[in-house]
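K.L.:
First to last, the sequence lines map onto chains A and B. The first sequence maps to residues 1 to 97 in this note's numbering. The second sequence maps to residues 98 to 365 in this note's numbering.
Quick caveat, the hints were computed from the structure, so don't treat them as lab data. Yeah, the Cβ is synthetic: ideal placement off N, Cα and C, and Gly gets one too. Honestly, I wouldn't trust all of these hints.
Listed next, the in silico BS3-like pairs over lysine-lysine satisfying Cα-Cα at most 27 Å (straight line) [stated by the list, open to error]:
(1) A/K34 with A/K10
(2) B/K256 with B/K221
(3) B/K118 with A/K10
(4) B/K118 with B/K164
(5) B/K253 with B/K215
(6) B/K101 with B/K118
(7) B/K338 with A/K4
(8) B/K256 with B/K222
(9) B/K215 with B/K118
(10) A/K4 with A/K37
(11) B/K101 with A/K10
(12) A/K10 with B/K253
Interface residues of chain A toward chain B, partial, derived using beta-carbon atoms under 8 Å [said to hold, decoys possible]:
(13) R5
(14) R7
(15) E11
(16) P53
(17) G55
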Amino acid sequence: MTLKRMRFLKELFAFMGLGGRLRLEWISSAEAQKFVKVVSEFTEEIRALGPNPVGRYTCESGKKIGRRAACPTAPDPVLADTAPGPHTVPRAAAEGR
Amino acid sequence: MHEKVLNLLETGKVDIFLGYKMMAGHPLPHAFGRHNPVEVQEMILGPARYPLEKLAVEILAARPDLKIGILARDCNRRALNVLTVHQQVAPGQVQVLEVSCCPSPLQRHADCSSLEAKEFGAGKKEIGIDNNLTPDRLEAMEPTERFSRWMYEFQKCLKCYGCRDICPVCFCRECSLEHEDLIGTGDLPPEVPIFHLVRAVHMAGRCIDCGLCEDACPVDIPLRLLYRKVNELVADLFDYKTGLSLEQPPFSLLFDKTAQPAAAPHGA
């Protein structure tokens, strides 16, 4: 069921144009090496895809918004070289000011 | 048609009959009762579509003793099937009187508002998604292009909840789209594409492709196309044919075994 559900989500994301950003693996607590391998592999895969395009629709306040005109697009490089995700960094930057 | 309705009412097969009547120049849903048989003559057929089965279920929630008849096209029947397998209405509690909805050589005009494809402007075709596209044609585009086209469409959303309110199979008492912690009310514009994807996922195994959401949408977001894809996936991955029969358990994406009461009327 989980497999099917993941395929459902993967294909729905692909239909939206966000394919390749979801992966399912079973890794036991005894399989540290597999964990490392999967995470490194997937990190590379995602890096190759570039920043999540949904990030372009994110405001500095960290709140996702609908209209680009209402909120100038966050510069992509900022989102690209910060690991934790589009939410955290712009918000931290805003607080720092 | 009028005689059939009168007959249903007079023989007591139904207590009220939901059909359409011209009111203030608009064809609107109307409940015809046996106390006023003359009024039945005012019932009209035409392309107007409303989720009559949803209205019937809402009436039955308040008055479970009633028997209701509805004017039903194919989409109404499918919706009624979904509502029945989800136990929103008991089988047989809502009687249907079928009306034609699909064109055929024998039948020149068809009574459905969604048969004539809407024409869209050049701008929408250029950067958005033409609502008349099929999932295949959309999938032939590059993913990045597809994404920006979808985002263009979703960004137009006014969060009017019209798609949910008109939807014949949206019967949940609590809606995720109004949940403070999930989407939140009041914020405009809605969080995209989450708002639309949440609804899309909730349409899995429910959407019967009636297209009322798209008819209702004031900004022409191609919702039917999105939900059509969702239910193609449901059919392919889970082998579940939404709304086509009463002999199937309700579909749920979240649970292995769908929530069924102990004495399920239909074999799971």
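K.L.:
If a hint holds in the structure, say so; if it does not, say that too.
P.N.:
Now the hints, each set against the structure:
1. A/K34 with A/K10: holds (22 Å)
2. B/K256 with B/K221: Judged against 27 Å, a Cα distance of about 20 Å means the pair holds.
3. B/K118 with A/K10: violated (45 Å)
4. B/K118 with B/K164: Status holds; Cα separation ~20 Å.
5. B/K253 with B/K215: holds (18 Å)
6. B/K101 with B/K118: holds (16 Å)
7. B/K338 with A/K4: Given that 27 Å is the threshold and the Cα spacing comes to 16 Å, the pair holds.
8. B/K256 with B/K222: Holds. B/K256 to B/K222 sits at ~23 Å (cutoff 27 Å).
9. B/K215 with B/K118: holds (25 Å)
10. A/K4 with A/K37: holds (24 Å)
11. B/K101 with A/K10: This hinted pair is violated, its Cα atoms lying about 49 Å apart.
12. A/K10 with B/K253: Holds, at about 25 Å.
13. R5: holds (6 Å)
14. R7: Hint holds; A/R7 Cβ to chain B Cβ min 6 Å, cut 8 Å.
15. E11: holds (5 Å)
16. P53: Given a least distance of 6 Å, the restraint on A/P53 holds.
17. G55: Result: violated, 12 Å to nearest chain B Cβ.
In the structure shown, a violation is registered for the earlier hints numbered 3, 11 and 17, in ascending order.
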